[in-house]
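Student: Take the sequences, apply the hints, and build the full model.
In the order they appear, the protein sequences are chains A and B. So for the first sequence, my numbering puts the first residue at 1; every next one is plus one. So for the second sequence, my numbering puts the first residue at 1; every next one is plus one.
Certain hints may be false.
To be verified - Now the stretches of chain B that chain A is said to cover, found in silico as 3 or more residues with beta-carbon under 8 Å:
id : stretch
1  : 10-22
2  : 37-43
3  : 58-64
4  : 104-111
5  : 117-128
For the record, the hints were derived by calculation from the structure and aren't laboratory data. For every residue, glycine included, the Cβ atom is placed at its ideal position computed from N, Cα and C.
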Amino acid sequence: MTEMVTWTCTGCALLCEDIQVSISDNRIEHVENACMKGKARVFGCKEQAVPTIHGDKADIDDVIKDAARILRDAKNPLLYGWSNSTNEAHIAGIELARTLGGIIDSTSSFCQGITVNEILSGSVPSCTLEEVREKADVIVFWGADPMSSHPRHMSKYSYFPRGELRQRGYEEDRTAISIDVWQSRTAKICKNGFHRIPPGKDAEFMRGLIEALSGRVPKLSFDYDVKRILELAATLKKAEFGVLFAGLGLIYSIKEDITLLSEFTAALNQFSHYSLIPMAGHFNMRGFNHTLHEKTGHIYRVKFVDGKAISGVEYSVIEQMKRNADAVLVVGSDPLASLPGSISKRLKDIPLILIDPCMNLTSRVADVTIPCSTSGIEAGGTAVRMDGKTMDIHALVQGNNMSDEKIIERIIEEVG
Amino acid sequence: MALDVSKFIKAPEYGITIVTYRDVFQSSVCDEDRNGKECERLSAVIVLDATEMKRMGIQDGVNVRLTSKCGSIVVRAVSSPREEQKGIGFMVNSPWSNALVYDETTDGIPEFKNIKVKIKVTNEEIMSHRELFPL
Ligand code: SF4
Numbered sequence: 001m002t003e004m005v006t007w008t009c010t011g012c013a014l015l016c017e018d019i020q021v022s023i024s025d026n027r028i029e030h031v032e033n034a035c036m037k038g039k040a041r042v043f044g045c046k047e048q049a050v051p052t053i054h055g056d057k058a059d060i061d062d063v064i065k066d067a068a069r070i071l072r073d074a075k076n077p078l079l080y081g082w083s084n085s086t087n088e089a090h091i092a093g094i095e096l097a098r099t100l101g102g103i104i105d106s107t108s109s110f111c112q113g114i115t116v117n118e119i120l121s122g123s124v125p126s127c128t129l130e131e132v133r134e135k136a137d138v139i140v141f142w143g144a145d146p147m148s149s150h151p152r153h154m155s156k157y158s159y160f161p162r163g164e165l166r167q168r169g170y171e172e173d174r175t176a177i178s179i180d181v182w183q184s185r186t187a188k189i190c191k192n193g194f195h196r197i198p199p200g201k202d203a204e205f206m207r208g209l210i211e212a213l214s215g216r217v218p219k220l221s222f223d224y225d226v227k228r229i230l231e232l233a234a235t236l237k238k239a240e241f242g243v244l245f246a247g248l249g250l251i252y253s254i255k256e257d258i259t260l261l262s263e264f265t266a267a268l269n270q271f272s273h274y275s276l277i278p279m280a281g282h283f284n285m286r287g288f289n290h291t292l293h294e295k296t297g298h299i300y301r302v303k304f305v306d307g308k309a310i311s312g313v314e315y316s317v318i319e320q321m322k323r324n325a326d327a328v329l330v331v332g333s334d335p336l337a338s339l340p341g342s343i344s345k346r347l348k349d350i351p352l353i354l355i356d357p358c359m360n361l362t363s364r365v366a367d368v369t370i371p372c373s374t375s376g377i378e379a380g381g382t383a384v385r386m387d388g389k390t391m392d393i394h395a396l397v398q399g400n401n402m403s404d405e406k407i408i409e410r411i412i413e414e415v416g
Numbered sequence: 001m002a003l004d005v006s007k008f009i010k011a012p013e014y015g016i017t018i019v020t021y022r023d024v025f026q027s028s029v030c031d032e033d034r035n036g037k038e039c040e041r042l043s044a045v046i047v048l049d050a051t052e053m054k055r056m057g058i059q060d061g062v063n064v065r066l067t068s069k070c071g072s073i074v075v076r077a078v079s080s081p082r083e084e085q086k087g088i089g090f091m092v093n094s095p096w097s098n099a100l101v102y103d104e105t106t107d108g109i110p111e112f113k114n115i116k117v118k119i120k121v122t123n124e125e126i127m128s129h130r131e132l133f134p135l
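Tutor: The structure is reproduced here in structure tokens:
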């Protein structure tokens with residue numbers, strides 16, 4: 001019998017909740033409304049992970065025991081990944097880090113973590129994607145290309161749809177602006193709203209805009225038509241409800257000057273109503289920050305000392321993998337593929353446990369591999385969307401593996 | 001037999017900055033099969049301004065060696081359909097671009113989108129995943 005279900009996609013942090021999936025005999029047959037990235041997520045990877053110890057197939061109970069032994073024996077275990085896991089798995093991970101007196105960090109450490117921190121600390125105002133859909137009239141994509149990273153972003157929320165106060169949609173009621181180093185797919189849609197700036201000059205351009213907002217003519221060190229920046233400031237000022245989508249292109253460029261985000265939004269809010277939403281990539285990158293914040297008061301890079309959580313750059317995944325970590329548990333990530341090459345090379349020298357539904361590049365250096373079910377496909381729970389809204393995610397089919405949450409709980413039992 | 005002197009002539013090297021970007025086609029293919037040939041074909045590419053390519057003597061579609069402070073890889077060079085800023089190459093974020101990223105940071109965030117490299121034409125083959133991280 002074929003059953004039609006409405007599903008929340010875990011292909012990216014947009015968590016589209018309107019996906020229609022037909023399921024027959026515990027098999028996904030057909031998917032509607034999802035973009036190609038979402039479909040790729042639903043149908044899963046080609047090569048599924050199997051339980052292994054040093055590359056040899058092993059019994060699942062044995063691999064869990066071995067993982068627990070490695071972590072127990074380590075002086076400085078690092079638990080890393082988490083952006084493809086549910087909030088419930090995060091809670092279990094934090095508990096394991098506390099039990100071990102270890103370090104926990106996520107991919108947000110070198111992604112949008114610093115932006116989420118600005119929002120959770122109250123320095124930068126934010127809003128929901130529903131508010132963007134219903135009210136936004138000026139939409140700024142800065143260092144962000146949702147057409148490539150979150151394919152339904154513009155059609156579902158930020159630009160194309162009709163909204164309560166935007167009945168004439170993008171044709172008349174919305175202005176989209178792209179500030180980027182090249183003409184991305186999103187920038188093409190923004191047409192004359194595209195402003196090309198040199199790499200690394202985002203902070204200077206932002207300061208120039210702050211000047212222009214207050215009526216002064218900005219001086220820039222690079223070649224840029226002053227008239228255009230003044231026109232841009234005028235457009236920003238006129239907004240009734242403006243939103244800034246901050247992409248990694250912006251965040252990496254101003255990371256040493258991150259408080260500039262609050263300066264910029266404050267300058268805009270002297271004239272209008274502006275909010276900022278980080279373009280979180282993985283479906284639950286933000287959930288990790290929220291859960292850890294709730295449990296420890298920190299959003300990432302936490303070490304537990306006598307049960308107390310401390311946070312600092314020295315506990316970041318990058319610093320830990322470079323020198324200190326003497327065992328690593330990776331959950332739902334592929335550090336060999338996604339971390340700097342120089343660090344990746346060190347991974348083969350550290351005992352490494354990999355919990356993942358799929359074989360990936362890191363599987364090649366993992367001492368222990370533990371297959372888990374795919375969150376949002378075979379395991380449910382909750383996750384936090386890019387704008388901070390908590391969403392329920394449901395399993396579509398029953399898989400053969402335990403969830404990462406359950407696996408971590410089993411490791412805790414063994415360690416304890 | 002005529003001597004192939006081109007072997008002994010060192011290809012000139014130029015300094016450029018790589019800016020990385022996302023691509024939904026590449027990421028969907030790689031999510032499905034990270035070790036696959038299609039993922040490699042869509043990832044091991046650098047996009048350059050056409051005039052810049054001419055200046056550096058790089059023809060559309062040839063292989064180039066990119067060398068940074070911490071890594072060296074071979075990818076295919078393709079020319080951008082648009083005019084791009086000078087001195088910049090664009091690579092989709094992937095294990096290939098990451099292999100060039102240096103891990104020295106003061107804030108725990110490496111320069112994933114600002115990678116200084118030397119570029120030169122090469123006859124070598126595009127590096128596979130496995131060659132990026134030899135065990
Ligand atoms: S935009 Fe993201 S959440 Fe929506 S269908 Fe595509 S991958 Fe899934």
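Student: Does each hint hold? Answer for all of them.
Tutor: Right, here's what the structure says about each hint:
1. 10-22: It holds, with 4 qualifying residues against the three required.
2. 37-43: Contact hint for the stretch 37-43 of chain B vs chain A: violated, 0 residues under 8 Å.
3. 58-64: violated (count 0)
4. 104-111: holds (count 7)
5. 117-128: Three-residue rule not met by the stretch 117-128 of chain B, so violated; n is 0.
Hints 2, 3 and 5 from the list above are not met by this structure, while the remaining hints are.
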